[in-house]
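Visitor: Here is how the chains run, residue by residue.
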Amino acid sequence: MTKEAYNKLFEESYSSLCNYAYAIIKDYDEAEDIVQGVFVNFWNNEKKAEIEEKAKQYLVRSVKFKCIDYQRKEIVKRKYEKETLHVQDAIVQEPFEEKAETGMKDALMMAISELPEKTRDVFMLSKLDGLSYKEIAEHFEISPKTVENQMGRAFRHLREKLHVYKGLLLFLFFLLIE
Amino acid sequence: MNDINDILAKHFSGEATVEEKQMVEEWKLQHAEEYAVMSEAWKTADKNLLEGLEFKTFDHKAAWDKVDEQLVDEKEIKVIKMTFYKRVAAACAILLVGFAGFWLLNQGPSYNTFANTDNAPKEITLPDGSNVWLAANSTLDYQEDFENERNLKLKGEAFFEVARDEAHPFIITTEYGEIEVLGTAFNVNVTENSTEVGVDHGRVAVRNENGEEDLTIGEFAVANADGVKEINNPDVNYNSWKTGIFNFNQTPLNEAIDLLNKHYATKIELLSSEKGKVESLNGTFADEPIETIIESIVLTCRVEAEYGDNLIRLK
Numbered sequence: 407m408t409k410e411a412y413n414k415l416f417e418e419s420y421s422s423l424c425n426y427a428y429a430i431i432k433d434y435d436e437a438e439d440i441v442q443g444v445f446v447n448f449w450n451n452e453k454k455a456e457i458e459e460k461a462k463q464y465l466v467r468s469v470k471f472k473c474i475d476y477q478r479k480e481i482v483k484r485k486y487e488k489e490t491l492h493v494q495d496a497i498v499q500e501p502f503e504e505k506a507e508t509g510m511k512d513a514l515m516m517a518i519s520e521l522p523e524k525t526r527d528v529f530m531l532s533k534l535d536g537l538s539y540k541e542i543a544e545h546f547e548i549s550p551k552t553v554e555n556q557m558g559r560a561f562r563h564l565r566e567k568l569h570v571y572k573g574l575l576l577f578l579f580f581l582l583i584e
Numbered sequence: 004m005n006d007i008n009d010i011l012a013k014h015f016s017g018e019a020t021v022e023e024k025q026m027v028e029e030w031k032l033q034h035a036e037e038y039a040v041m042s043e044a045w046k047t048a049d050k051n052l053l054e055g056l057e058f059k060t061f062d063h064k065a066a067w068d069k070v071d072e073q074l075v076d077e078k079e080i081k082v083i084k085m086t087f088y089k090r091v092a093a094a095c096a097i098l099l100v101g102f103a104g105f106w107l108l109n110q111g112p113s114y115n116t117f118a119n120t121d122n123a124p125k126e127i128t129l130p131d132g133s134n135v136w137l138a139a140n141s142t143l144d145y146q147e148d149f150e151n152e153r154n155l156k157l158k159g160e161a162f163f164e165v166a167r168d169e170a171h172p173f174i175i176t177t178e179y180g181e182i183e184v185l186g187t188a189f190n191v192n193v194t195e196n197s198t199e200v201g202v203d204h205g206r207v208a209v210r211n212e213n214g215e216e217d218l219t220i221g222e223f224a225v226a227n228a229d230g231v232k233e234i235n236n237p238d239v240n241y242n243s244w245k246t247g248i249f250n251f252n253q254t255p256l257n258e259a260i261d262l263l264n265k266h267y268a269t270k271i272e273l274l275s276s277e278k279g280k281v282e283s284l285n286g287t288f289a290d291e292p293i294e295t296i297i298e299s300i301v302l303t304c305r306v307e308a309e310y311g312d313n314l315i316r317l318k
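Same order as they appear, the protein sequences are chains A and B.
Heads up: take any position in the first sequence, counting from 1, add 406, and you land on the numbering used here.
Heads up: take any position in the second sequence, counting from 1, add 3, and you land on the numbering used here.
Next up, chain B with everything else stripped away, as it sits in the complex:
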């Protein structure tokens, strides 16, 4: 009996005999999904993909030495000679740690934290494969055993692309409500007095003590102390901070600049804020370099730009 791998290889490279083709047909009946995967792989491994590949052997020993230096060791046990007082202090410390441990255990699950202290959005991948774009100055905590419980806490703003896993609902807790999903993409903005949720695709449930809304594609809701309310005409730029796509339609310059500052690491400063309310901006920008947008602001808004280090001043 031949190995099925040999036969599959022959089948896909057009070398199979009539008999072998028959064997593949029978195998396919039992392994429909796998057959689909292999034909997809065979198609995906096209000239483009293969020609781009290099098979250089890298010096992994030298590389490991470099990496190893930077790894933080889990436990560094040190034997220290202690004086009597130090021993007493250590005993107290151990007792304290014991109490703290007991207290922590009673605090429920522990969380890992991603804090984005940069001034531009940051993309992160959670252990379940979900992607999150975390806006500047935002914090996301996720439960340590994320494989079992997909619980998160958000402060600030984030866009989620959740890996589908019906057995493990993905639950985000914010100050003004809880968001539950199975697998979908959506934006959450936690402001001072509300939590705003906009859905890119899929289904999302938003709830708090005073209400609940089920949202689907393109829908938007605000959760605050009064409950959860669906909003009919949400701001088209609600997730532009993440997508880099801006639709300006008579948008006052100062508002446009606030939106741009959420996406770009280079910050824009408007020196005369009165001017910002008068001048308005039109047009769509999709993932343009900041310089391009500044150029059109300069052309249409009667302002001058001054380029500094990661800073652009408009006058």
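Only chain A is shown next, with the shape it has when bound in the complex:
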């Protein structure tokens, strides 16, 4: 991968990766540090991975592991502080669930944060707040047809980003039947 291509990949995915890291560790500065560190290491150690799509998967996973690692250390640190230094109840973040997943959650979080702002706003109102297309249209003062288009766009993006799970889920499904 050339430096230019890497810079482009960085520009495209920096904010989504930071938001993704923030969702796990709830600390913006640390999230940025982690993502930057992953980009540095990836280039310096792993520049062999030529295919951009693979590189992205690798980056997401690395950020996840770094976040979990950071979180683990924080929990131990806080617990230790609480016990030994008698610090008032520090808020201890629940550990991020790691196992028994196909990675669907990570891919989804990334895919949703990559959506254009307007598309994402519409998607969130529909999925999170359960509003109907008509209600969303009224909320944003746009036509129901626009809502339909935006939702379609969101779905196209999700389908593109999640196509790697084809087969894998089916495979899990067969395991369950067994």
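Think of the hints as simulated: they come from the structure by calculation, not from any bench.
Treat the numbers as computed from the prediction; the structure is a model and nothing was measured.
Accuracy of the hints is not assured; some may be wrong.
Stated by the list, open to error - Rough simulated footprint, nothing fancy, chain A against chain B, three-plus residues with beta-carbon under 8 Å:
#, segment
1, 38-44
2, 54-67
3, 122-134
To be verified - Pairwise CB distance ranges, derived in the manner of DEER restraints:
#, chain 1, residue 1, chain 2, residue 2, range
4, B, G221, A, H569, 33 to 39 Å
5, A, A411, B, N213, 46 to 52 Å
6, B, L32, A, S549, 29 to 35 Å
7, A, Y434, B, L302, 41 to 47 Å
8, A, D535, B, T194, 55 to 61 Å
To be verified - Simulated pairs of lysine-lysine, PhoX-like, Cα-Cα distance not exceeding 20 Å:
#, chain 1, residue 1, chain 2, residue 2
9, A, K483, B, K125
10, A, K540, B, K24
11, B, K59, A, K432
12, A, K524, B, K59
13, A, K479, B, K125
14, A, K511, B, K50
15, A, K511, A, K432
16, B, K125, B, K270
17, A, K460, A, K567
18, A, K533, B, K50
19, A, K567, B, K46
20, A, K533, A, K551
All C-beta atoms in this analysis are idealised placements derived from N, C-alpha and C, irrespective of residue type, glycine included.
Could you slot chain B onto chain A? The hints should help.
Guide: Structure of chain B alone, referenced to chain A:
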């Protein structure tokens, strides 16, 4: 003709008309897998997941400047004025590099190396998505074009969670034998005179010149100069260094400490080793902070703990 994405969106958000529902049913016949993926995604994107998301825009330009500074450039071509002797030396060097290159090419594939010089296990992800927990002071080499040939070499101990790919067997070479898998999770410990393999799930083949064993869930084998032998009652703590789960049952204190030191970055030192053989430890610890385990050792083993910097001394 409407875009199928629009129709799928309506279908999942409950906005589809009877006609559109019919269209989705027909589409589903051709795209069963994709439909399964999308319904799984729709289910996974629940309140919990969505509410945890933030969509802040970060300053990627400033961040890139910081990152760029630390990137090692592949080629830095420098034009240097050379004296005659330097030219001769350079010509010799080029010849040497040429020979070295030729020699390397004849050495078979080249490998990338992960060396864990930390004093605690390290988690790494291989290019195929397989996860490896590499124990302290262990080294793992993986073939450079890993997408085509999943060949690895291990020194020390590691736990593998191999991404399934039947077309590309995952082969680990160790001093005392070779381990081949398709997709599974297992532990490999290369000791001074043998290679021990314990299977967490899936199937694993272990072989060397003198024997071969097929292992499945919960099975354990040792490969050494005599061949490969299955072991019936393996140590329950064989992969505790990675899981952080310790089952102690009348375990001598010195053995328990050896196990703990493989998992935790904080090291435990037992000042009187005689005591370690007499005192024994019982109980299960699952991913506890080291301090908790030390507390119960202090309570049950009649020792005192002294906390230092990344070091705990027991007397």
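Visitor: None of the hints should be skipped; say for each whether it holds.
Guide: Hints, verified against the model:
With 5 residues having a beta carbon nearer than 8 Å to a beta carbon of chain A, the segment 38-44 of chain B meets the requirement of three or more and the stated coverage holds. Counting residues of the segment 54-67 of chain B whose CB lies closer than 8 Å to any CB of chain A gives 11, so the stated coverage by that chain holds, three being the minimum. Taking a C-beta to C-beta cut-off of 8 Å, the segment 122-134 of chain B contributes 4 residues in contact with chain A, enough for the three needed, and the coverage statement holds. Remark: the range hint 33 to 39 Å for G221 of chain B to H569 of chain A is upheld by a beta-carbon distance near 36 Å.
Checking the proposed 46 to 52 Å range against A411 of chain A and N213 of chain B shows it holds: the Cβ atoms sit about 50 Å from each other. A beta carbon spacing of about 32 Å between L32 of chain B and S549 of chain A agrees with the range 29 to 35 Å that was offered as a hint. A hinted range of 41 to 47 Å holds for the C-beta pair Y434 of chain A and L302 of chain B, which are about 42 Å apart. At roughly 59 Å, the beta-carbon separation of D535 of chain A and T194 of chain B lies within the given 55 to 61 Å, and the hint holds.
A distance of roughly 19 Å separates the Cα atoms of K483 of chain A and K125 of chain B; the hinted pair therefore holds under the 20 Å criterion. Taken as a hint, the K540 of chain A and K24 of chain B pair is honoured in the structure, with Cα atoms around 19 Å apart against an allowance of 20 Å. For the proposed pair K59 of chain B and K432 of chain A, the alpha carbon gap of about 12 Å is at most 20 Å, so the pair holds. Distance hint between K524 of chain A and K59 of chain B is fulfilled; the C-alpha atoms sit about 14 Å from each other, no more than 20 Å.
For the proposed pair K479 of chain A and K125 of chain B, the alpha carbon gap of about 14 Å is at most 20 Å, so the pair holds. For the suggested pair K511 of chain A and K50 of chain B, the alpha carbons sit about 13 Å apart, so the restraint of at most 20 Å is met. With a C-alpha separation of about 17 Å, the suggested pair K511 of chain A and K432 of chain A falls inside the 20 Å cut-off, and the hint holds. Taken as a hint, the K125 of chain B and K270 of chain B pair is honoured in the structure, with Cα atoms around 16 Å apart against an allowance of 20 Å.
As the CA atoms of K460 of chain A and K567 of chain A are separated by approximately 12 Å, the hinted pair is consistent with the 20 Å bound. For the hint pairing K533 of chain A with K50 of chain B, the CA-to-CA distance comes to about 8 Å; that is within 20 Å, so the pair holds. For the given pair, K567 of chain A sits about 16 Å from K46 of chain B by alpha-carbon distance, which is consistent with the 20 Å threshold. Proposed proximity of K533 of chain A and K551 of chain A is supported: the alpha carbons are some 18 Å apart, at most 20 Å.
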